[in-house]
Amino acid sequence: MASLTTLSIAGARDGLRAREFSALELTQAHLAAMAGARRLNAYITETPEHAISQAAESDARLARGEARPLEGIPLGIKDLFCTKGVLTTAGSHILDGFHPPYESTVTANLWRDGAVMLGKTNMDEFAMGSSNITSYYGPALSPWRRPGSAADLVPGGSSGGSAAAVAAGLCLGATGTDTGGSIRQPASFCGIVGLKPTYGRCSRLGIVAFASSLDQAGPLARNVRDCAILLRSMAGHDPLDSTSVDRPVPDYEAMMGRGAKGLRIGVPKQYRVDGMPSEIETLWRQGIDWLKAAGATVRDIDLPHTKYALPTYYIVAPAEASSNLARYDGVRYGLRVPGASIDEMYELTRAAGFGAEVKRRVMIGTYVLSAGYYDAYYLKAQQVRSLIARDFATAFESVDLVLAPTAPSAAFAIGEKMDDPIAMYLNDVFTVPANLAGLPAISVPAGLSADGLPLGLQLIGRAFEEDMVLAAAKTIEDAAGFSHGPGGAR
Amino acid sequence: MAALLIEGSNGPWEIVIGLEVHAQVISRAKLFSGAATAFGADPNTQVSFVDAAMPGMLPVINRICVEQAVKTGVALDARINLTSVFDRKNYFYPDLPAGYQISQYQQPIVGRGTVTIDLKDGSSRTIGITRLHLEQDAGKSLHDIAPHASHVDLNRAGVALMEIVSEPDLRSPEEAGAYLKKVRSILRYIGTCDGNMEEGSLRCDANVSVRRPGDPLGTRCEIKNVNSIRFVQKAIEYEANRQVDILEGGGAIAQETRLFDSAKGETRTMRSKEEAHDYRYFPDPDLLPLVLDPAWVDQVRGSLPELPDPKKARFIADYGLSPYDAGVLVAEQASADYFEAVAKGRDAKAASNWITVELFGALNRLGLDIDRSPVSAAALGGLLDLMTDGTISGRLAKDVFAAMVESGKDAMTVVEEKGLRQVTDASAIETAVETIMAAEAAKVAEYRSGKDKLFGYFVGQVMRAMGGKANPQALNELLKRKLAG
Chain A
1 MASLTTLSIA GARDGLRARE FSALELTQAH LAAMAGARRL NAYITETPEH AISQAAESDA
61 RLARGEARPL EGIPLGIKDL FCTKGVLTTA GSHILDGFHP PYESTVTANL WRDGAVMLGK
121 TNMDEFAMGS SNITSYYGPA LSPWRRPGSA ADLVPGGSSG GSAAAVAAGL CLGATGTDTG
181 GSIRQPASFC GIVGLKPTYG RCSRLGIVAF ASSLDQAGPL ARNVRDCAIL LRSMAGHDPL
241 DSTSVDRPVP DYEAMMGRGA KGLRIGVPKQ YRVDGMPSEI ETLWRQGIDW LKAAGATVRD
301 IDLPHTKYAL PTYYIVAPAE ASSNLARYDG VRYGLRVPGA SIDEMYELTR AAGFGAEVKR
361 RVMIGTYVLS AGYYDAYYLK AQQVRSLIAR DFATAFESVD LVLAPTAPSA AFAIGEKMDD
421 PIAMYLNDVF TVPANLAGLP AISVPAGLSA DGLPLGLQLI GRAFEEDMVL AAAKTIEDAA
481 GFSHGPGGAR
Chain B
1001 MAALLIEGSN GPWEIVIGLE VHAQVISRAK LFSGAATAFG ADPNTQVSFV DAAMPGMLPV
1061 INRICVEQAV KTGVALDARI NLTSVFDRKN YFYPDLPAGY QISQYQQPIV GRGTVTIDLK
1121 DGSSRTIGIT RLHLEQDAGK SLHDIAPHAS HVDLNRAGVA LMEIVSEPDL RSPEEAGAYL
1181 KKVRSILRYI GTCDGNMEEG SLRCDANVSV RRPGDPLGTR CEIKNVNSIR FVQKAIEYEA
1241 NRQVDILEGG GAIAQETRLF DSAKGETRTM RSKEEAHDYR YFPDPDLLPL VLDPAWVDQV
1301 RGSLPELPDP KKARFIADYG LSPYDAGVLV AEQASADYFE AVAKGRDAKA ASNWITVELF
1361 GALNRLGLDI DRSPVSAAAL GGLLDLMTDG TISGRLAKDV FAAMVESGKD AMTVVEEKGL
1421 RQVTDASAIE TAVETIMAAE AAKVAEYRSG KDKLFGYFVG QVMRAMGGKA NPQALNELLK
1481 RKLAG
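Note that the protein sequences, when read in sequence, are chains A and B.
Residue numbers for the first sequence follow our numbering, so the first one is 1 and each next one is one higher.
Residue numbers for the second sequence follow our numbering, so the first one is 1001 and each next one is one higher.
Treat the hints as calculated values from the structure; they're not laboratory data.
Do not rely on the hints blindly, as some may be mistaken.
What the hints assert, rightly or not - Dumping the calculated DMTMM-like pairs for lysine to aspartate or glutamate here, alpha-carbon to alpha-carbon at most 20 Å:
1. B:Lys-1311 with B:Glu-1266
2. A:Lys-359 with B:Asp-1278
3. B:Lys-1234 with B:Glu-1266
4. B:Lys-1089 with A:Asp-152
5. B:Lys-1344 with B:Asp-1385
6. B:Lys-1089 with A:Asp-375
7. B:Lys-1398 with B:Asp-1347
8. B:Lys-1181 with B:Asp-1410
9. B:Lys-1182 with B:Asp-1347
10. B:Lys-1140 with B:Glu-1198
11. B:Lys-1224 with B:Glu-1248
12. B:Lys-1140 with A:Asp-343
With these hints in hand, go ahead and build the complete structure from the sequences.
This is the structure:
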């Protein structure tokens, strides 16, 4: 029997039902792995007691033959999801000691289906970052290293802790959130699969808000099928989230097997950006060939407003964030630094509670919404956003999916790219458009870079066609036969 | 007349006023959360996670509040916008938990409308409504609990408010008062706001400027949060005179926000234009645009009761009331209903007089609303009936009414208990007449010799002897016949 921590979710589900091992054993194997991998700093909070008690209940249900869809599956939960009675930090000092008296809808759905929470995973502060280095709790590290190098690599971000934990066998799957690429880019960096669903597919209730019109929860796992399994539990309409959509949740796992036959794949010219490493270009070509070989047709498409996506994103997201983060004022919960006046208390609390990147974005957001600047920045950005969405709508009249790289590079080392926020923002160049258009998109590992690090390919689909995105991703996954893991083949 | 001109040293100044009314919506739950809205609960007992702006909490619009706003818009004869947008108004204050108020900025739910105001001289004027929008109320900061700390009560945070903005069409404190009374009356008729200014469920900001008649608008000052109609009028009067003094002294008005000090009867600077907030409005990404179904709006339109203005017109046309009396009776739905109950099948003018003079006088003395009147409409109607059928005279009716107010009993019971029934029995009156004539033989002789002015004296004497209960008409006839000899 393979190690319990290298199983897929589907494999663990079968093993549990066949009583090859117990949920408790499965959970304890992961708790042990977590204890042995604290160097990675993948978890901000480990919740072993919680996990053991949930696993015990799962075993009881398994014994009674009442297993639920995710019965006994141990997961990591990004620390942006509020978990009742469990410290929830959003990677920020300002939420010091915050134990929500409520559960996010997405995690409640997972527990309803029998999943087990191992802990709360590390992340960039308030999900602002592409490297996990902005976390107040210190950076999470990728379990990957360049062969022959001891340099610690970033796992990507903002769902860096989730991606690192999944890749390192510290959970079978994890939740993430994706505002501009925060699921897909770390999935690409860590050699795993990450899916950002359609905006409105998963409830945002109980997820600490970064940019409300862009935020969307999704799964990270070690294969496409596992993402399909997790998404089915996470998704669904929530009457308490006015932007969540009331549509039935299909059985993604069952629909995933359709393959790529007959699918029309678009390759956007505008994604061939200057300075893109040739290995990314080569991987992209490889992806095209795999899909063609599986019976898809491929054509070039135009997404003419692509070059405006990143600047648009870096106006819209900070604007919403500047307002969303106003509630962290030291009055009701989290950190409070006393001051002589209420204004001084606000200033001292927010100065001590927010890190540099959060402050930068709050200031950018405040600026672009200010009187005299609103029309030139925020309003213009919203107009461009509509054009970007229209580009996709037009493209999807002639193709079913868009294929592109996930990120312009493989993972970089801690310390690289750290001095220039703009260089860091460029990580999101391929992922941001799907957020602006609200479309489902997945990153699936497709190969290794010249220095031996994973690279992902991205598929973007029509709204609510996660099934098609997953099917094509499965085709690439099968063709790529990506069997690498950190430290060698799994 | 309604427009009040302030006489300056070089001619008159005109006052220009626009009012912003903040009306708390009558609804069981808040605008975006399920928490209760009842007034007077213990601090922080009616606060949901949404109201407290806990991380990850999201607003969900309360359909009832939308219906109330649409009702109000229809009652203000205003355009209902089928698509409206909620925006965030960003500022930091401890009683604003999210750091922003959800409001409506560029696309409010209700557009232009009108309100007709009734003035003391019986004239009416139409005042423009610019817009009505829905927004969240803030919580309350409490500064008097501890010496070195402030406390916050979030019970009110998130309660729905309608902000009703008028055009700068008002020209005097009297007009401003009439406008507020009319808006309050309409809100109460349709049940969208209880209009209670003492509890703060109706609050008013006044924008005041002055100008030479015919000139463009002057620079305005906004007076914040005045909590009674009388104070609004006083604040406007003070502020207009202050501005005239500055302008006549060669100064200029600084655009600013001012507070009214009701103890001193004056306004003072709260913040200058330079200190004004930049609210950084933008559409709330947590809420989709609010889209109304036109059929539903029509349904709401059809559900409205008769409003004060049409009711007033009907009272004038159908009951023959004066515009003034009709205006007094329709100001509150309850008094209008009371009037109609009394007037039905009776002399409407008498009903109106009895209500506006005797009943309102009594209620005023007792400090009671008409809903809690000790004399019901049916009981007052009964009193009028006793006058009509001659059971009591008009003079005695006032005594009966006073006893009814005192005891809460109906008219007939009072009449019976006090033996006030009018005597129409001719023999009883005749006996009394004969007794008086016998006792006053000298005066009878004078009368008969031509001094017929004495007739009134005899009426008075007989009435006094009969305790006022003689039917006046029967007495007159009988006395005339007997004196004639």
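Hinted pair A:Lys-359 and B:Asp-1278, Cα distance within 20 Å: OK: A:Lys-359 and B:Asp-1278 at ~19 Å, within 20 Å.
Are B:Lys-1311 and B:Glu-1266 close enough, with their CA atoms no more than 20 Å apart? At roughly 38 Å apart (the allowed maximum being 20 Å), B:Glu-1266 and B:Lys-1311 break the hint.
For the pair supplied as a hint, B:Lys-1224 and B:Glu-1248, is the alpha-carbon distance within the 20 Å limit? 25 Å, violated
Holds or violated: B:Lys-1234 with B:Glu-1266, Cα cutoff 20 Å? 8 Å, holds
Given the proposed pairing of B:Lys-1140 with A:Asp-343, does the C-alpha separation stay at or below 20 Å? Roughly 17 Å between the alpha carbons, so the hint for B:Lys-1140 and A:Asp-343 holds.
Straight-line alpha-carbon gap B:Lys-1089 to A:Asp-375, limit 20 Å: Holds - the C-alpha atoms of A:Asp-375 and B:Lys-1089 are around 16 Å apart, at most 20 Å.
Would the hint linking B:Lys-1344 and B:Asp-1385 be met if the CA-CA limit is 20 Å? 12 Å, holds
Can you confirm whether the C-alpha distance between B:Lys-1181 and B:Asp-1410 stays at or below 20 Å? 33 Å, violated
Sort out whether A:Asp-152 lies within 20 Å of B:Lys-1089, counting only the CA atoms. 44 Å, violated
Next pair to validate is B:Lys-1398 with B:Asp-1347; report whether the Cα-Cα distance is within 20 Å. Within the cut-off at roughly 17 Å; holds.
For B:Lys-1140 and B:Glu-1198, compute the direct alpha-carbon distance and say whether it is at most 20 Å. Distance of about 15 Å is within 20 Å: holds.
Can you confirm whether the C-alpha distance between B:Lys-1182 and B:Asp-1347 stays at or below 20 Å? 28 Å, violated
Hints 1, 4, 8, 9, 11 from the list above are not met by this structure, while the remaining hints are.
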